[in-house]
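Once you have looked at the hints, place chain U on chain L.
Protein chains: 2
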Amino acid sequence: MATSLNLPHVVPHDRQVLAQRLQHVLDHKTKPLGALGQLEQLALQIGLILGSEQPRLHQPQMVVFAADHGVAAKGVSAYPSDVTWQMVENFLAGGAAVSVLARQHGVALTVVDAGVAKDIAPRPGLVANKIAYGTEDVSQGPAMTVAQCEAALQAGAEVIRSLPGNAVLFGEMGIGNTSSAALLMSRLTDTPLHLCVGRGTGLDEAGLQRKLAVLEQALARNVDTPSPLHALAALGGFEIAMMCGAMIEAAAQDRLLVIDGFISSSAALVACAMQPAVRQRCVFAHQSDESGHARMLAHLQAKPLLQLGLRLGEGSGAALAWPLLESACAILRDMASFESAGVSQAT
Amino acid sequence: MATSLNLPHVVPHDRQVLAQRLQHVLDHKTKPLGALGQLEQLALQIGLILGSEQPRLHQPQMVVFAADHGVAAKGVSAYPSDVTWQMVENFLAGGAAVSVLARQHGVALTVVDAGVAKDIAPRPGLVANKIAYGTEDVSQGPAMTVAQCEAALQAGAEVIRSLPGNAVLFGEMGIGNTSSAALLMSRLTDTPLHLCVGRGTGLDEAGLQRKLAVLEQALARNVDTPSPLHALAALGGFEIAMMCGAMIEAAAQDRLLVIDGFISSSAALVACAMQPAVRQRCVFAHQSDESGHARMLAHLQAKPLLQLGLRLGEGSGAALAWPLLESACAILRDMASFESAGVSQAT
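Chains as they are written, first to last, in the working numbering: chain L, 1 to 347; chain U, 1 to 347.
Hints are computed from structural coordinates only; laboratory data are not their basis. Mixed in with the good hints there might be a few duds.
Which copy is meant is left open, because identical chains are indistinguishable; a pair holds if it fits in one copy or across any two.
What the hints assert, rightly or not - Straight line, CA to CA, 25 Å or less: simulated SDA-like cross-link-like pairs of lysine to any residue:
1. 303 / 34
2. 118 / 339
3. 303 / 191
4. 130 / 117
5. 303 / 193
6. 303 / 201
7. 118 / 337
8. 303 / 37
9. 303 / 199
10. 118 / 338
11. 303 / 38
12. 303 / 166
13. 118 / 73
14. 303 / 252
15. 118 / 342
16. 118 / 86
17. 303 / 41
Bound conformation, chain L alone (with noise of 0.2 Å):
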């Protein structure tokens, strides 16, 4: 990692005595041994992570970074590039699915700028951190400079130090970001790019191949990655960046990571490839249609939450799963044992 980069260090956790005791809270619980299945391992995970056997969230923070591009003038996506700077707009005006889904469960919205191909009018919820108007063409070279990716990165960080709270929802908007997407996958995965290239908001057969077409050339354009952060400069966008420095900042202070789809997923997996401990913070929301997706998840050894077929981003899958992230917690809270209640136990 270039020696300007001051990112925090990720310390990893060892909380084994925490873990025994949580389980034995878990186990203890009226209800046969993990009967409440998944939800009974995100209650053990988010109390290692909040160090508490009475965990409690609070003050969660839905973050949408947003940014443009060059490669989407490729025609990668099945949607123009000015649909980027609209639906920040419409973030902002609350009509977005991230914005109703995050004000159904008291969940703070901030939209973040981190590199959107236009100007945009400051207001209360938004973060201006525009690196630049959009990428540059990635099929043609590197999408940004080492000293821009890092750049984005600080940027993120400090997003995270600005907000309260103890959880951190990501999400993401860029017209063309699953093609960002799907080659760092390809790249820090060793996965052929076929398996990691989607149709994304929609593209059609022909616009897959393309797509495919496009992003082939792109990485053999791009060969000399020899770090995460490099792949990240070459290939990421700016959201992409700016995400991963806040993922970073928000797992050395041992929040809650929520992870979205595929995109926020890609965020993640740099921010994994750089400090490995940031995987221990990440809850992962739901698996995207997005046809990468799954195999992405498979590498970071994460179990989604939700399968809902899902594939808009934004943070609306981070949203949705939410409420179950305040089941988990009110189990290990509220939910009397088997002592307590005065239950009989199994014979």
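Below, chain U alone, put in the same frame as chain L:
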């Protein structure tokens, strides 16, 4: 069906015009077509059930039907029958999983004593509808008489009539009731018993084989079930029968039915066999880890919302899925359209 039974007729919905309108609304929200996956299908279904393009769920009711099973004496469960009344006390005291989860989501909780083998002291939140102190041992003959079954169905319908709101979440408690559910499934779907019988609250391999042998005998002793009502009487439980009546009443009132796990689904299976239009009003909350549930859901052509490896019952899965139903309504009501938000459509 016996003539003395007076359950409402559930009229099939044929709301094609509304379905088209709802699909149009969903397709013009600011997202790629279908990008919210199963949530969109859920929104469409809820809109159709409630007859509205802007559906709003109000005063949701969790109703937990509890009863005992004579066959429990044959060792078909990992827990003793006493756990049924003990858990009823736990529900009412607020310490059970379903109590905690219903409270989290502002869902009112009612516990119905449909036939618990112990007197339960009256108190708010408890409906005393005891048909008997548990069913007869189904491995020796019919679990209940047809008259008892009809009384249970009627009482279930009465419970719904006494409760407000437009959505009912169906939960249950009854040591031994995966046995009844498996028997009903086998008989009504013509599925070999071993594909219907699972480990319930946590039987080991020997326990599973014992349960299977007892239930094979139960099927052999209850061959003559010429109608779903007769099957329900011979093979069911008081909580399943009462839940079935409640489902029919709720469906007739065009309330939304949220079906929990294996036992609740078996009640829905009987209700749909009696009155097929019940099916339109059913949302299946989750796929349980109980081994027959996936097959039962497939028979009902149901795609559950959650797959979290739950096997607790009580209504816990229905409560966990509840926020997704609220989200589906919020998407329909509150998301902007491409036109209203000024967002460009796909090229």
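Quick rundown of the hints versus the structure:
no.	hint	result
1	303 / 34	both (16 Å within a copy, 24 Å between copies)
2	118 / 339	between (61 Å within a copy, 20 Å between copies)
3	303 / 191	within (19 Å within a copy, 32 Å between copies)
4	130 / 117	within (9 Å within a copy, 68 Å between copies)
5	303 / 193	within (23 Å within a copy, 32 Å between copies)
6	303 / 201	both (24 Å within a copy, 24 Å between copies)
7	118 / 337	between (56 Å within a copy, 22 Å between copies)
8	303 / 37	both (12 Å within a copy, 19 Å between copies)
9	303 / 199	both (23 Å within a copy, 24 Å between copies)
10	118 / 338	between (59 Å within a copy, 19 Å between copies)
11	303 / 38	both (9 Å within a copy, 19 Å between copies)
12	303 / 166	within (22 Å within a copy, 34 Å between copies)
13	118 / 73	within (15 Å within a copy, 72 Å between copies)
14	303 / 252	within (22 Å within a copy, 39 Å between copies)
15	118 / 342	between (63 Å within a copy, 15 Å between copies)
16	118 / 86	within (10 Å within a copy, 63 Å between copies)
17	303 / 41	both (10 Å within a copy, 24 Å between copies)
Checked against the numbered hints given earlier, this structure breaks none of them.
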